[in-house]
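Listed below, chain by chain, are the residues.
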Amino acid sequence: MTYDTLVVLAKVFGPIWMMGFFIIVIIRAYNPKRRAAYDQVAQSVLSEQPPEGQK
Amino acid sequence: MNAATTLSQSERQVGFGLAIALAVLGLVMAAGAKQGAMAVHGAMAMMLGMYLVFYIGGSFYQPEPNADRVNQYYDAPTRFGVTMTLIWAMIGMTAGVWVAALMYWPEATPAVPWTSYGRLRPVHTTGVIFGFGGNALIATSFYVLQRTSRARLADSISPWFILIGFNLFCAWAVTGYVMGSTQSKEYAEAEWYADLWLVVVWVTYFALYIRTLARRHEPHIYVANWYYMAFILVVAMLHIVNNLALPVSFGAAKSFTIWAGVQDAMIQWWYGHNAVAFFLTAGFLGMLYYFLPVRSGRPIWSYRLSIISFWGIVFFYIWVGSHHLHYTALPYWTQTLGMTFSVMLLVPSWASAGNAIATLNGAWHKVRDDATLRFMFVAAVFYGLSTFEGSFLAIRPVNSLSHYTDWTVGHVHSGTLGWVAMIIFGAIYTLVPQISGREEMAWPHAIEWHFWLAVGGTLIYVIALWNAGITQGLMWRAYDDHGALSYSFMESVQAMAPYYLLRTIGGAMFLIGAVICALNCRATYRLAPMSTEVSDRPLNPQPAE
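As they're listed, the protein sequences go chains A and B.
Our numbering applies: residue 251 is where the first sequence begins, and numbers increase by one.
Our numbering applies: residue -10 is where the second sequence begins, and numbers increase by one.
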């Protein structure tokens, strides 16, 4: 593989990989279906919460 | 309390065996090396191993701990880790204040090699970053991991192996430097055998973390754990690649890195900046995301944003190291890459800082009244400030003014004093009463004193070095009408005198605060009632094994 080929590959796949990953993270984080689950997780560290099985 | 009494009979046997193994390893090292730093380090390991043999042996036939302990969090390692955190804080910060004073009074350097500035300066950096920061990360990670997973640590031997092993690494490192043993890599000065030892400790750490997470009773892995895991995993990767070296012989401390020339420089700063990213940021964000909501009694403002920030920080940080090598032999595009990612990094960094500050919205009265929460608030503010400054300094033309000046040192300290140390103290003041079975610290007013000394010291230090750095940068680039430099280098050094005095004063104030914290923790531990009745997050009991 020549240096130029490597540069082309890096420039093509680097942004696709990064942006693709970024979009997947955004979709997973902001999917409305997960809102309730994330709110619950955020609350879960506050110590007043009873353990999972005892609700 | 003897920590060995928290172990079962079979665990004491394993601990006893490991202590003997450590003593033998030390003996082999010392005998193999015969002289020099490695022989001293072998002797240190041997003595530590022998001490542990007697320590565990002395409690060998003590009654076994309560059978109900599997239904409780295992906090004895955290307690030890917090103690080591504060001991290293005092060692590392004292070395820092001393070398800062030497810059103002250089003639005060004693005519003994081990007291030279060049040997004591890495004692300061290693003592503070690894000793103070590392122990705080390990100690709090055990605490947070158990609470967020509602599970006890997966076993009782690994946490001790990790903490004692890590502190042996730190002790080898700093004693090596004063003996003149160094591989001359910034923030990675310890020699090859210490590096190998740290790999063993670190793999055990990661394994314990994963094993405990696997036993969790929460469906979701709370975001603090993601940050702690990123810290453990990436530091392992950085440490191994940066420290690849060939020892001169297996019986000598000296080694040579396998990297050469500009690649060595790139690997060094890929490591060096990611030590900032994953040692001094990721794990501490984990601390922030757990202790800030717990202390303020409010959930994190946006959990979703914390996920985006996590991936942003992990993805962007890993590329920014080359901004340390602007205007060097490193290819220009690589420098530009580091600069670009540094600027982009501001987005996830400010998302984290903003998320922390927005969490406090509605709890400002608590920030006003509670010095512990105020430590965390100041940490979030300095995190925002120093990440902005970092992105700014990485821009090539800005770097042409700032590089090699004390502005960089001021920036680092705005991060380490203002952000890292503040969140550590906030976490310590939250968890020490908890694991001591008390409602609050022994001396609540001392926390106020500590807070104002720490904030005052940080501001004096950082503002003095901003002035110092910009003055230096401007003096070095000032030309007269004939195109000659206006100032000699010595003139720029002399101009630093007032700033160097101020940084010594600021650092000393910060050190005094840390001493107050250590005494307060000691008093809290001593007052501790032998009960665990103070409200804690309930643990889901393990099924019978």
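It is worth saying that the hints were derived from the structure and are not from the lab.
Even glycine gets a Cβ: it sits at the ideal position worked out from N, Cα and C.
Treat the hints with care, since some could be wrong.
Claimed, not checked - Reference excerpt, derived from the structure (chain A facing chain B, CB under 8 angstroms, subset only):
1) VAL275
2) ALA286
3) TYR288
Stated by the list, open to error - Facing chain B, according to a computed beta carbon distance under 10 angstroms, are these residues of chain A, among others:
4) ASP254
5) ARG278
6) VAL295
Unchecked claim - Label-pair restraints from in silico Cβ distances:
7) A:TYR253 to B:LEU233: 53 to 61 angstroms
8) B:ARG385 to A:GLY264: 44 to 52 angstroms
9) A:GLN293 to B:SER48: 19 to 27 angstroms
10) B:TYR106 to A:ARG285: 52 to 60 angstroms
11) B:ILE210 to A:TRP267: 46 to 54 angstroms
12) A:TRP267 to B:MET226: 17 to 25 angstroms
13) A:GLN290 to B:LEU16: 51 to 59 angstroms
14) A:GLN290 to B:TRP465: 54 to 62 angstroms
15) A:ILE274 to B:ALA203: 18 to 26 angstroms
16) A:ILE273 to B:VAL398: 36 to 44 angstroms
Index of numbered hints that the structure contradicts, given in increasing order: 2, 4, 7, 8, 9, 11
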